[in-house]
Amino acid sequence: MMIRTDIAIAARNLARHTRRNVLLGSAIAGVTAMLVLLGGLTTGMREAMLQSATTLMTGHVNLAGFFKITSGTAAPIVAGWEKPWDAVKAQVPELTYAAPRGRGWAKAVADGVSMDLILAGVELDREPRFREVIQVVDGNLDELRKPGTILIFQDQAKRLGVKPGDTITLSAPTTRGASNTADVRIAAVARNIGLLSAFNAFIPAETLRHLYQLKAGTTGAVQIYLRDADDSAKVAARLRAALRDAGYRVMDPDPQPYWQKLMFKVNAEDWTGQKLDVTTWEDEMSFLSWIITAVTWLGNVLVTVLMVIVAVGIVNTLAIAIRERTREIGTLRAIGMQRSQVLRLTLLEAFLLGLAGALVGAMLGAAGAAALNAARIELPETMQYFLLQRNLHLAVHPGQVAVYVAFVTGLTTAAAIWPSAYAARLRPVTAMHHIG
Amino acid sequence: MRKLLLLALALLAVPRAALPLGQEETDKVIRTIDERERNSGDWKALVYMEAKEKDKTDVVYELVVYRRDKERKLLFLFLEPKTEQGKGYLRIDKNLWFYDPRVGRWERRTERERIGGTDTRRGDLDESRLAEEYVARWEQDEKLGKYEVHRILLTARPDVDVAFPTVRLWVDQATGNVLKRQEMALSGRLMRTAYYPRWKKVWSESKKSDVWYAEEMRFYDEVEKANQTLVLIKSIDLRPLDPNLFTKAWLESKSR
Numbered sequence: 000m001m002i003r004t005d006i007a008i009a010a011r012n013l014a015r016h017t018r019r020n021v022l023l024g025s026a027i028a029g030v031t032a033m034l035v036l037l038g039g040l041t042t043g044m045r046e047a048m049l050q051s052a053t054t055l056m057t058g059h060v061n062l063a064g065f066f067k068i069t070s071g072t073a074a075p076i077v078a079g080w081e082k083p084w085d086a087v088k089a090q091v092p093e094l095t096y097a098a099p100r101g102r103g104w105a106k107a108v109a110d111g112v113s114m115d116l117i118l119a120g121v122e123l124d125r126e127p128r129f130r131e132v133i134q135v136v137d138g139n140l141d142e143l144r145k146p147g148t149i150l151i152f153q154d155q156a157k158r159l160g161v162k163p164g165d166t167i168t169l170s171a172p173t174t175r176g177a178s179n180t181a182d183v184r185i186a187a188v189a190r191n192i193g194l195l196s197a198f199n200a201f202i203p204a205e206t207l208r209h210l211y212q213l214k215a216g217t218t219g220a221v222q223i224y225l226r227d228a229d230d231s232a233k234v235a236a237r238l239r240a241a242l243r244d245a246g247y248r249v250m251d252p253d254p255q256p257y258w259q260k261l262m263f264k265v266n267a268e269d270w271t272g273q274k275l276d277v278t279t280w281e282d283e284m285s286f287l288s289w290i291i292t293a294v295t296w297l298g299n300v301l302v303t304v305l306m307v308i309v310a311v312g313i314v315n316t317l318a319i320a321i322r323e324r325t326r327e328i329g330t331l332r333a334i335g336m337q338r339s340q341v342l343r344l345t346l347l348e349a350f351l352l353g354l355a356g357a358l359v360g361a362m363l364g365a366a367g368a369a370a371l372n373a374a375r376i377e378l379p380e381t382m383q384y385f386l387l388q389r390n391l392h393l394a395v396h397p398g399q400v401a402v403y404v405a406f407v408t409g410l411t412t413a414a415a416i417w418p419s420a421y422a423a424r425l426r427p428v429t430a431m432h433h434i435g
Numbered sequence: 000m001r002k003l004l005l006l007a008l009a010l011l012a013v014p015r016a017a018l019p020l021g022q023e024e025t026d027k028v029i030r031t032i033d034e035r036e037r038n039s040g041d042w043k044a045l046v047y048m049e050a051k052e053k054d055k056t057d058v059v060y061e062l063v064v065y066r067r068d069k070e071r072k073l074l075f076l077f078l079e080p081k082t083e084q085g086k087g088y089l090r091i092d093k094n095l096w097f098y099d100p101r102v103g104r105w106e107r108r109t110e111r112e113r114i115g116g117t118d119t120r121r122g123d124l125d126e127s128r129l130a131e132e133y134v135a136r137w138e139q140d141e142k143l144g145k146y147e148v149h150r151i152l153l154t155a156r157p158d159v160d161v162a163f164p165t166v167r168l169w170v171d172q173a174t175g176n177v178l179k180r181q182e183m184a185l186s187g188r189l190m191r192t193a194y195y196p197r198w199k200k201v202w203s204e205s206k207k208s209d210v211w212y213a214e215e216m217r218f219y220d221e222v223e224k225a226n227q228t229l230v231l232i233k234s235i236d237l238r239p240l241d242p243n244l245f246t247k248a249w250l251e252s253k254s255r
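These protein sequences, in sequence, are chains A and B.
Be aware that the first sequence starts at 0, since it is given in numbering that gives the first Met the number 0, and climbs by one per residue.
Be aware that the second sequence starts at 0, since it is given in numbering that gives the first Met the number 0, and climbs by one per residue.
Think of the hints as simulated: they come from the structure by calculation, not from any bench.
A couple of the hints might just be wrong.
As the list claims (entries may be wrong) - Covered stretches of chain B (in silico footprint by chain A; criterion: 3 or more residues with CB under 8 Å from a CB of chain A, positions within the stretch not fixed): (1) 30-42; (2) 90-100; (3) 105-115; (4) 162-171.
To be verified - Listed next, the in silico DSS-like pairs over lysine-lysine satisfying Cα-Cα at most 27 Å (straight line): (5) A:Lys162 - B:Lys55; (6) B:Lys247 - B:Lys207; (7) B:Lys55 - A:Lys214.
What the hints assert, rightly or not - Okay, the calculated beta carbon distance ranges per label pair: (8) A:Asp115 - B:Glu251: 22 to 32 Å; (9) A:Trp104 - B:Thr82: 20 to 30 Å; (10) B:Thr154 - A:Gly216: 24 to 34 Å; (11) A:Ala197 - B:Gln139: 42 to 52 Å; (12) A:Asp244 - B:Ser205: 53 to 63 Å; (13) A:Glu380 - B:Gln139: 54 to 64 Å; (14) B:Val59 - A:Asp110: 21 to 31 Å; (15) B:Thr82 - A:Gly246: 41 to 51 Å; (16) A:Asp115 - B:Leu143: 30 to 40 Å; (17) B:Lys247 - A:Asp115: 40 to 50 Å; (18) B:Lys247 - A:Pro146: 43 to 53 Å; (19) A:Ala215 - B:Ser205: 48 to 58 Å; (20) B:Glu251 - A:Gly164: 34 to 44 Å; (21) A:Trp258 - B:Tyr47: 29 to 39 Å.
Built from N, CA and C at the ideal position, the CB exists for glycine as well.
Model the full structure from these sequences, guided by the hints.
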């Protein structure tokens, strides 16, 4: 009952100084909106990265590995992948589906033009999500079921000067180091998906095995898709333990993409034969995490500066308000209001102002994000490259917004502690004699 | 008797080029190539490589090649261009290591490595081991320009890892020098053509005989047609090398 009265008084006090509080509330709303938008941008990037990366390059979890014929010749392959997978798949109740994905690298040559490509050997029928992410702009995705075909992206097609139906040559060394080539027909050209589509291309798993002279049953990784990608680390740890228990040699966790391990780690190690490596999508995409980190840091710096300005504004405004209301506080104290009640009242005012401002800001931020998403703003090419999105997409989640609102409200209230404490310390006689 | 005489005359009348080379003779041709290039002692040579690539500026590399063929030791040290200075390759046992002084790290590379990213491979600057790596088959004798040559097809021996599973050689019948070499991928596609227009010899004290080497090699990339590399081998020195030369420490010390 008491708190209700206090809230009513605090609200009335706020309403009496409309202009000043609207200005302060607007600043709080602006910072909250900025937080929501920046949070939406980084979350959007992370989600876009998760969605495109887990189709183009990795599963949520990967049962992958390296095979070394000699200690100096490593290949990113899992020989007889069904055996280890069968041994541990019961350990993944979170499983949606799993699909083998061949891994390789080749030089693509077309009419005197060449470029390096990271090849993925796909079996379309095993990968239902593939069609959801890959948007074919020319050609037919189903053609990729046929051996001797390839799916490339727009920029690759432009660079190589090819279109569906044309043939390019893939040149790569086999796992034993012998040169080999495969002539492949362009089955389809897909829309670019940022940096990842700059160097990835897809060929049928059988064609990849033929190029690298691999036996049937050999793949690069078993890409495991879960109901919730956030379970990746947990599932990966479980799989590692289960594979070890089943007698397989398993590499220690190392948050690096497989190609970095292949180039800088595995080749330098003195062992031969098969070693399995269980990784998460975040490990495989760690080479891109700096982008999200950079955007998050930039956003944090910006928001911190704004928050400091707003906090100083709050302290200053409340100090002025309390100075203006010194006689009023003195009267309240004279008629029996306790110091703690004065402190609570002024803090409540700051809390209400902060809450109202943050709520308005959150709504503005969410509306702004929705408007930007609806406008489908096409990002400049260089930004597309790094943000892994063609159109600007901000992902705003209610839980995240609630955190921002709580944070801004809490900060506003905290900023009011000093002026409120000053008001509470005033002696009634002094306050009533104050000419303000 | 008369018939036999006529047959003998007829055989003599058949041009020499049309006579097939037997397997033994073919193997001998290949062994001779290896033997002529073999040097039992140490080898030091200054090598220039001029790499031409489409839409790129030509790059001239200068490197020193050190070999101790008896122990199959090999070391390349890049001297030029400035960006490559101090980089090098070192073969220890069957492993080829690459060192980059800018990162101070050793990376294990395949023996089929393209040296400096050019069309030159380790094998082009190493001792010839054709007989050990390939099985030879005579295809035909023909004319290559003004030279009478044997055309020989080499197929990699099982369990021997080579960059090119099939190689075709044009060997000068008069001198035994390889004049042209074509290298094919597993798929049969022609990958690289090499020409060896100039051969030279140098006296080897350790071998007590001449060691032959191609002073000029021209490599043409048959996949990326515009790419080619010219290799010139100069300043051959067959005196014994420092015993500690073929070590990681020695190569690292060169860039300090």
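Practice task
Mind checking the hinted window 42 to 52 Å against the Cβ distance between Ala197 (chain A) and Gln139 (chain B)?
Solution key: 48 Å, holds
Handout entry: Hint check for Gly246 (chain A) and Thr82 (chain B) - Cβ pair distance inside 41 to 51 Å
Key = 48 Å, holds
Handout entry: Outcome of range test on Cβ distance (Ala215 (chain A), Ser205 (chain B); 48 to 58 Å)
Key = 51 Å, holds
Exercise for the section: Hint says 34 to 44 Å; check whether the CB-CB distance for Glu251 (chain B) and Gly164 (chain A) agrees. Expected result: 53 Å, violated
Practice task
State, for the Cβ atoms of Asp115 (chain A) and Glu251 (chain B), whether the hinted interval 22 to 32 Å holds or is violated.
Solution key: 30 Å, holds
Problem - Cβ separation of Val59 (chain B) and Asp110 (chain A), checked against the hinted range 21 to 31 Å - result: 28 Å Cβ-Cβ, so the 21 to 31 Å window holds.
Problem - Coverage of the region 162-171 of chain B by chain A (three or more Cβ within 8 Å) - result: With 3 residues in contact (Cβ-Cβ under 8 Å with chain A), the coverage given for the region 162-171 of chain B holds.
Problem - Lys55 (chain B) paired with Lys214 (chain A) [C-alpha distance capped at 27 Å] - result: The given pair, whose Cα atoms are some 39 Å apart, is violated under the 27 Å limit.
Problem - Glu380 (chain A) versus Gln139 (chain B) beta-carbon gap, inside 54 to 64 Å or not - result: 55 Å, holds
Exercise for the section: Mind taking a look at whether chain A covers the region 105-115 of chain B? Criterion is 3 or more residues with CB to CB distance under 8 Å. Expected result: holds (count 7)
Handout entry: Hint consistency between Lys162 (chain A) and Lys55 (chain B) [alpha-carbon to alpha-carbon, up to 27 Å]
Key = Answer holds: Lys162 (chain A) to Lys55 (chain B) is near 25 Å, not above 27 Å.
Exercise for the section: Go check the region 90-100 of chain B versus chain A for me, would you? Three or more residues, Cβ under 8 Å, otherwise it fails. Expected result: holds (count 3)
Comparing the model with each numbered hint stated earlier shows that hints 1, 6, 7, 17, 20 do not hold.
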